[in-house]
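Novice: For the protein sequence lines, the chains are A and B, in the order given.
Throughout the first sequence, residue numbering follows my numbering, covering 70 to 256 in sequence.
Throughout the second sequence, residue numbering follows my numbering, covering 28 to 330 in sequence.
Just so you know, the hints here were simulated from the structure itself, not pulled from any lab data.
Where hints are given, some of them may not hold.
Claimed, not checked - Heads up, simulated EDC-like pairs for lysine to aspartate or glutamate below, C-alpha to C-alpha not over 20 Å straight-line:
(1) A:Lys78 / B:Asp321
(2) A:Lys101 / B:Glu190
(3) A:Lys101 / B:Glu204
(4) A:Lys78 / B:Glu328
(5) A:Lys101 / B:Glu328
(6) B:Lys232 / B:Asp321
(7) B:Lys280 / A:Asp153
(8) A:Lys101 / B:Glu126
(9) A:Lys101 / B:Asp307
(10) B:Lys280 / A:Glu164
(11) A:Lys101 / B:Glu116
(12) A:Lys101 / B:Glu195
(13) A:Lys101 / B:Glu118
Each chain is listed here by its residues.
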Amino acid sequence: MYTAADLRKGLKIAIDNEPYIITFFDFAKPGKGQALYRTKLKNMITGSTLDRTYRSGETFEPANLEDRKMQYLYKEDDHYCFMDNDTFEQIHINEVSLGDAKNYLIDNLAVDVLIFRDKAIGVDVPNFVNLRVTQTDPWVKGDTSGSDSKPATLETGYVLRVPPFIEEGELVTIDTRTGEYSTRVKG
Amino acid sequence: MAGNWALSRRRGALVQRGAIFDRVRSFFKEKGYLEVETPFRIPAPAPEAQIDAIPSAGWFLQTSPELCMKRLLSAGYDSIFQICRCWREGERGVRHLSEFTMLEWYRAGADYLDLMKETEALVQAAAAAPRVTYRGLSVELDSPWERITVAEAFCRYADTTPEKALAEGSFDQIMVELIEPRLGLSRPTFIYDYPACCGALARLKAGDPTLAERFELYIGGLEIANAFSELTDPGEQRSRFEAEARERASLGKSPYPVPEKFLSALASMPQAAGIALGLDRLVMVLLDAGSIDDVVAFTPEEL
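With the hints as extra help, turn the sequences into a complete structure.
Specialist: Printed below as a string of structure tokens:
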């Protein structure tokens with residue numbers, strides 16, 4: 070069971086026995102007033118969204134999902150294909166259901182496919198994933214503009230801010246919980 | 028270098044934060060305020076229903092330096108300010124850190140209207156610019172700033188009254204979702220005259236005991252400061268603390284010891300006004316930072 074203090078982006082909870090994922094989270098509290106936990110929730114089956122504001126003391130059941138270890142194989146149109154390493158069974162999940170996870174899918178990545186009532190409705194990717202930089206502008210040595218980051222495109226097409234010293238072709242570690250650059254992979 | 032990127036990329040913000048702190052200190056010193064330090068670890072925080080202190084070896088980390096600073100006022104220190112760390116359990120978000128930096132100042136003989144003027148001058152001095160750009164808004168800092176009563180704000184933005192909202196338990200949610208985002212968009216805004224029950228340490232308004240002489244300051248929709256004309260009646264203060272303690276108990280929260288030394292000192296406290304200003308929030312506005320994380324050296328998650 071979760072309390073309001075556990076709520077955060079990415080957490081999956083059950084509402085009316087259906088799985089929802091928190092896609093936006095904001096902690097609000099007037100200085101002398103009560104804490105309010107503002108969320109946007111996406112129904113993981115239908116994709117419909119809700120705005121809900123919760124208060125301290127409210128409790129939540131985790132979404133009742135089964136997870137299966139699978140690996141990512143390939144993308145076809147707007148579907149992504151995954152394979153169970155033990156049974157070799159293959160399943161498809163559409164892009165909308167994947168949400169941000171699609172930014173981190175590289176060939177053979179091990180993921181947890183989330184199953185609800187025998188249907189695959191999403192995936193959990195590892196907290197940290199290494200991805201190659203396919204495009205970023207070179208850093209001019211001695212640049213004194215004070216700029217502390219620059220955009221980079223990764224092999225999945227995901228665009229994010231990286232430190233100026235990162236070069237094209239380098240491997241970088243991304244924190245998938247925040248979607249932000251974490252560190253450079255040496256060698 | 029790569030591993031410290033999160034830290035090194037904040038250099039610009041930390042340098043500006045330091046400069047803002049310097050200007051804040053200069054402002055008060057030029058006006059004859061004494062900078063004081065009071066203990067962070069205290070035996071009895073003010074018993075407020077919605078503010079939770081973090082226990083520390085049988086005592087508590089302060090949620091605000093208010094009680095000790097008022098004891099100084101009672102002892103004749105008539106213009107004092109402090110920049111210090113405060114702790115509030117469970118407060119974490121893009122505008123909250125459970126350990127944050129507070130600026131509090133108190134002035135004997137002043138009331139909340141005097142403090143509005145002084146707050147304008149302080150923020151102007153801290154900004155050292157005629158306007159700030161915050162989240163795409165251009166906010167003019169020259170005086171006078173906008174003023175709106177809590178009742179006007181509830182009428183204008185939520186089509187209700189503070190009394191109805193309190194009775195329905197929706198006061199805070201209306202403030203957060205309908206009112207705060209509209210305050211301080213073109214000029215900073217003071218929202219003032221709160222319902223009497225919304226200011227446990229505030230004096231009731233002269234001529235209207237249903238209201239407390241309290242204001243908050245908003246810039247670009249962000250709450251920056253909270254101020255009162257201070258309550259100086261020890262009997263009234265004790266019964267307000269008892270009411271807050273009952274509300275804490277009804278919410279299932281642990282009680283705090285009664286701050287007896289503060290209550291005794293209150294009898295000799297002069298009429299005064301005091302204000303608590305979140306310095307991290309002010310730095311956010313002046314630097315156009317989207318998150319409080321961007322204006323501090325370390326977040327708790329990075330420790």
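Novice: Does B:Glu328 lie within 20 Å of A:Lys78 when you go C-alpha to C-alpha?
Specialist: With a Cα-Cα distance of about 15 Å, the restraint between A:Lys78 and B:Glu328 holds, given a limit of 20 Å.
Novice: Between A:Lys101 and B:Glu195, does the CA-CA distance stay at or below 20 Å?
Specialist: holds, 18 Å
Novice: CA of B:Lys280 to CA of A:Asp153, is that 20 Å or under?
Specialist: violated, 48 Å
Novice: Please work out if A:Lys101 and B:Glu328 have their alpha carbons no farther apart than 20 Å.
Specialist: violated, 25 Å
Novice: So if I understand the rule, the pair passes when the alpha-carbon distance is 20 Å or less; does B:Lys280 with A:Glu164 pass?
Specialist: violated, 45 Å
Novice: For a C-alpha distance cap of 20 Å, please report whether A:Lys101 and B:Glu190 respect it.
Specialist: holds, 17 Å
Novice: Next pair to validate is A:Lys78 with B:Asp321; report whether the Cα-Cα distance is within 20 Å.
Specialist: holds, 19 Å
Novice: Is the Cα-Cα distance between A:Lys101 and B:Asp307 20 Å or less?
Specialist: Status holds; Cα separation ~18 Å.
Novice: With a cut-off of 20 Å on the C-alpha distance, tell me whether A:Lys101 and B:Glu116 pass.
Specialist: Holds, because 14 Å separates the two Cα atoms, which is no more than 20 Å.
Novice: Can the restraint linking A:Lys101 and B:Glu118 be considered satisfied, given a maximum Cα separation of 20 Å?
Specialist: holds, 12 Å
Novice: Please work out if A:Lys101 and B:Glu204 have their alpha carbons no farther apart than 20 Å.
Specialist: holds, 16 Å
Novice: Given the hint that B:Lys232 pairs with B:Asp321, does the C-alpha gap stay at or below 20 Å?
Specialist: violated, 39 Å
Consistency note: the structure conflicts with the earlier hints numbered 5, 6, 7, 10.
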